[in-house]
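So the protein sequences, as listed, match chains A and B.
Numbered by the numbering used here, the letters in the first sequence go through residues 1 to 281 in order.
Numbered by the numbering used here, the letters in the second sequence go through residues 1 to 317 in order.
Hints are computed from structural coordinates only; laboratory data are not their basis.
Heads up, the beta-carbon is just placed ideally off N, CA and C, and yes, glycines get one too.
Heads up, some of the hints might be wrong.
Facing chain A, from chain B, some residues (calculated, C-beta under 8 Å) [to be verified]:
no., residue
1, Ala-157
2, Leu-234
3, Thr-249
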Amino acid sequence: MALKRKNIPALIRQLILLVLIAVMIYPVLWMVSSSLKESSQVFVQAHSLIPESLHFENYVEGWKGFGGISFTTFYLNTFYVVIVSTIGSVISSTIIAYGFSRIRFVGRNVWFVCMLLTMMLPFEVIMIPQYIMFNWFGWLNTYWPLIMPTFFGTPFFVFLIMQFIRSIPYELDEAATIDGCNRYTIFIRIIVPLIVPAMTTSAIFSFYWRWDDFMGPLLYLNNPSKYTISLALKMFADPDTVTNWGSMFAMSALSLVPVIVVFFAFQKYIVEGISTSGLKG
Amino acid sequence: MVTMDNNLNKLPVQTKQVKRKRKRRDYENVTGYVFIMPFLIGFFALTIFPMLMSLYLSFTKYDLLGTPQWVGLGNFKRMFFEDETYWQAMKVTVFYVLTAVPFRLAFALFVALLLANVIRFSGLYRTLMYLPSIIGGSVAVAVMWRQLFGNDGAINAILEALNLPTTSWLGNPNTAIWTLILLYGWQFGSAMLIFLAGLKNIPVSYYEAASVDGANAWQRFIKITIPLLTPIILFNVVMQMINGFMTFTSSFIITEGGPLNSTLLYILYMYRRGFVFFDMGYASAMAWVLLLIIAVLTALIFKSSKHWVHYESGGDR
Chain A
1 MALKRKNIPA LIRQLILLVL IAVMIYPVLW MVSSSLKESS QVFVQAHSLI PESLHFENYV
61 EGWKGFGGIS FTTFYLNTFY VVIVSTIGSV ISSTIIAYGF SRIRFVGRNV WFVCMLLTMM
121 LPFEVIMIPQ YIMFNWFGWL NTYWPLIMPT FFGTPFFVFL IMQFIRSIPY ELDEAATIDG
181 CNRYTIFIRI IVPLIVPAMT TSAIFSFYWR WDDFMGPLLY LNNPSKYTIS LALKMFADPD
241 TVTNWGSMFA MSALSLVPVI VVFFAFQKYI VEGISTSGLK G
Chain B
1 MVTMDNNLNK LPVQTKQVKR KRKRRDYENV TGYVFIMPFL IGFFALTIFP MLMSLYLSFT
61 KYDLLGTPQW VGLGNFKRMF FEDETYWQAM KVTVFYVLTA VPFRLAFALF VALLLANVIR
121 FSGLYRTLMY LPSIIGGSVA VAVMWRQLFG NDGAINAILE ALNLPTTSWL GNPNTAIWTL
181 ILLYGWQFGS AMLIFLAGLK NIPVSYYEAA SVDGANAWQR FIKITIPLLT PIILFNVVMQ
241 MINGFMTFTS SFIITEGGPL NSTLLYILYM YRRGFVFFDM GYASAMAWVL LLIIAVLTAL
301 IFKSSKHWVH YESGGDR
């Protein structure tokens with residue numbers, strides 16, 4: 001079967017892509033395969049992706065955690081922080097986005113520029129004074145410093161939801177006003193049901209940023225029973241004390257499962273969210 | 001900055017109309033501030049106040065226990081003239097940003113160009129290409145990366161199998177930083193998606209017209225794709241540069257700043273000054289210097305954009 005000449009460049013492109021993907025996905029597969037190898041075998045024929053025999057007990061061993069605290073605790077802690085802060089962030093960002101995109105009030109543009117500026121301001125620059133402040137409040141070793149700031153809106157989400165609200169015809173608001181709605185009821189009854197997709201996108205991003213967050217827990221949590229996954233994993237995988245390499249890989253791989261599941265389930269939202277607003281990944 | 005409201009309720013009676021408008025305007029002002037109240041509280045309590053506080057602290061010596069002691073420009077003097085580790089961190093960070101960011105962007109653009117033209121399976125490819133960005137910032141991946149490049153890790157095993165020389169990637173001051181740069185480049189997904197969105201906005205007719213005029217693929221790329229993509233390149237360069245300066249987790253976990261401080265990124269050194277040595281005043285000064293560097297670089301990039309960013313005049317916006 002002769003290939004048409006036109007198809008050859010497409011074929012080459014497919015080939016290049018396949019090779020690239022193989023190289024890129026290799027580390028992830030290597031982590032999964034190492035998590036199933038016997039600990040003593042992990043670094044023998046290290047590059048092999050096929051374990052000689054499957055050792056699921058690495059997962060059982062690893063789950064026991066360290067210092068008598070199992071990964072059940074770490075997962076519950078993480079889910080608590082992630083869920084509460086995601087709810088806070090999405091609700092507050094939706095409210096703010098409505099204010100900025102639909103209501104014309106004095107000073108709107110000034111505050112909007114301020115918000116755009118905070119979007120560019122990295123957390124790392126204000127982490128020291130925030131730490132000192134939360135220290136005054138007596139919030140060290142609690143979840144408050146991780147959760148509370150999300151209740152004041154996340155500029156990226158505000159921006160994303162604003163883009164979405166702008167696509168809703170203003171006539172809907174006007175019709176609702178004639179029917180006797182005020183700003184608050186318009187927001188709750190008309191706008192919110194229509195922007196659920198944008199809120200979902202924000203929730204997904206919030207979920208995986210919060211899940212991966214390391215700096216926050218590192219600064220504020222110092223009691224192992226309060227650790228989130230990322231911090232627990234850092235301690236669990238301390239290169240000076242690890243002996244059970246299989247378990248270390250097992251717990252690392254397992255910690256990525258929620259993020260990957262959410263990604264595959266909602267990837268349409270993620271792709272659209274990034275493409276329309278330039279959200280950082 | 002009161003902008004006139006939409007022309008609702010045009011009543012015939014002039015005074016009634018004015019009154020109603022004013023009432024409506026007051027109502028809009030109140031509700032507007034009610035809705036953005038969460039932002040305003042957060043903005044002042046969690047951004048402006050901490051920033052002013054850190055500005056004050058940067059002129060003091062403060063260990064979190066006592067009261068801050070005013071030292072004037074002492075922290076800055078120490079930073080610029082006495083602290084060699086600071087300059088090492090600065091050197092490492094500048095090198096890291098100058099290599100990792102272009103590497104990530106070039107790779108993102110390359111893959112986006114491949115994906116923009118492939119029709120079959122392009123959705124699947126895009127998903128798989130984006131996967132590393134979803135997980136790349138996590139501790140789990142940093143831990144894995146450390147073992148991947150470890151002495152007995154998979155990279156050395158592959159090199160050995162291919163009869164190539166192996167090396168201690170993380171133990172050698174010349175190679176350690178490159179493992180972090182690779183990890184940064186590996187997470188090219190969001191830059192790629194933004195490029196892809198930009199590529200899709202370029203009208204096919206431009207390419208067709210160029211082909212008719214006899215332009216080859218390379219000429220079309222240089223004369224059409226790149227110029228029309230420059231606004232997106234600008235956006236990506238600024239965002240990724242800021243992002244690059246903020247890299248922390250990888251250097252903290254994979255190399256711990258070593259060997260010989262060869263991977264001591266700015267944020268890692270700032271973290272150590274603040275939270276290991278409790279040198280809060282000095283760390284605050286470091287944060288402010290970094291903020292100024294980023295602000296100046298961003299301003300310079302935007303200023304230079306006049307010369308290289310091409311905006312479609314009277315485009316489809």
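Consistency of the hints with the structure:
no.	hint	verdict
1	Ala-157	4 Å, holds
2	Leu-234	11 Å, violated
3	Thr-249	5 Å, holds
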